[in-house]
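Colleague: With these hints in hand, go ahead and build the complete structure from the sequences.
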Amino acid sequence: MNKKYIVTLTDPERADLHKLISSGKGAARRLTHARILLKADQGITDQTIAREVQVGSATIERVRRRFVEESLEASLDPRRPDQPREHKIDGEVEAHLIALACSAPPSGCAHWTLRLLADKLVELEYLESVSHETVRQSLKQTSFRPGGSRNG
Numbered sequence: 001m002n003k004k005y006i007v008t009l010t011d012p013e014r015a016d017l018h019k020l021i022s023s024g025k026g027a028a029r030r031l032t033h034a035r036i037l038l039k040a041d042q043g044i045t046d047q048t049i050a051r052e053v054q055v056g057s058a059t060i061e062r063v064r065r066r067f068v069e070e071s072l073e074a075s076l077d078p079r080r081p082d083q084p085r086e087h088k089i090d091g092e093v094e095a096h097l098i099a100l101a102c103s104a105p106p107s108g109c110a111h112w113t114l115r116l117l118a119d120k121l122v123e124l125e126y127l128e129s130v131s132h133e134t135v136r137q138s139l140k141q142t143s144f145r146p147g148g149s150r151n152g
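Numbering (my numbering), first residue to last: 1 to 152.
Everything labelled a hint here was simulated from the structure, so no lab data went into it. Incorrect hints may have been included.
Simulated crosslink set (BS3-like; lysine-lysine; CA at most 25 Å straight-line) [claimed, not checked]:
id: 1; residue 1: Lys39; residue 2: Lys19
id: 2; residue 1: Lys88; residue 2: Lys140
id: 3; residue 1: Lys88; residue 2: Lys39
id: 4; residue 1: Lys25; residue 2: Lys4
id: 5; residue 1: Lys39; residue 2: Lys4
id: 6; residue 1: Lys140; residue 2: Lys120
Modeller: Rendered as structure tokens:
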């Protein structure tokens, strides 16, 4: 099978990658990607690289593609999201969440759970939908613990 993305390193790039690997310092993913590029430059097959570096073939293809289409630096570092995620719970909804969590729990319950709080936020139409994990993260940022100690 012909490779679509052929890695051909320049001498300075090769030297930089060898220096990066020999120092042993840096993120594990960055070092792994450097090893992949050096082996791909030597013409080693993806199957052999995968076995030697202990990664999947998709990782090798992704590193090759990013090297050819973008740059050496881009192929070494993980891709950052193009747009930061928008937080579902803003300051106003968070205030309602805390007030709700401080209120008496629903009848039949000893205390508020994250799922009950999430369901109540939707029921009161503060949000269209929200997961208990989003509620947990929001409460964690405020150091509030439903049903437990509020001293941290």
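Colleague: What's the verdict on Lys88 and Lys140, does the C-alpha distance respect the 25 Å limit or exceed it?
Modeller: Holds, because 15 Å separates the two Cα atoms, which is no more than 25 Å.
Colleague: Given the proposed pairing of Lys25 with Lys4, does the C-alpha separation stay at or below 25 Å?
Modeller: Violated. Lys25 to Lys4 sits at ~31 Å, over the 25 Å cutoff.
Colleague: What's the verdict on Lys39 and Lys19, does the C-alpha distance respect the 25 Å limit or exceed it?
Modeller: This hinted pair holds, its Cα atoms lying about 15 Å apart.
Colleague: Holds or violated: are the alpha carbons of Lys39 and Lys4 at most 25 Å from each other?
Modeller: 16 Å, holds
Colleague: Please work out if Lys140 and Lys120 have their alpha carbons no farther apart than 25 Å.
Modeller: 18 Å, holds
Colleague: Holds or violated: Lys88 and Lys39, Cα atoms, limit 25 Å.
Modeller: Judged against 25 Å, a Cα distance of about 44 Å means the pair is violated.
Hints 3 and 4, counting from the list given before, are not met by this structure.
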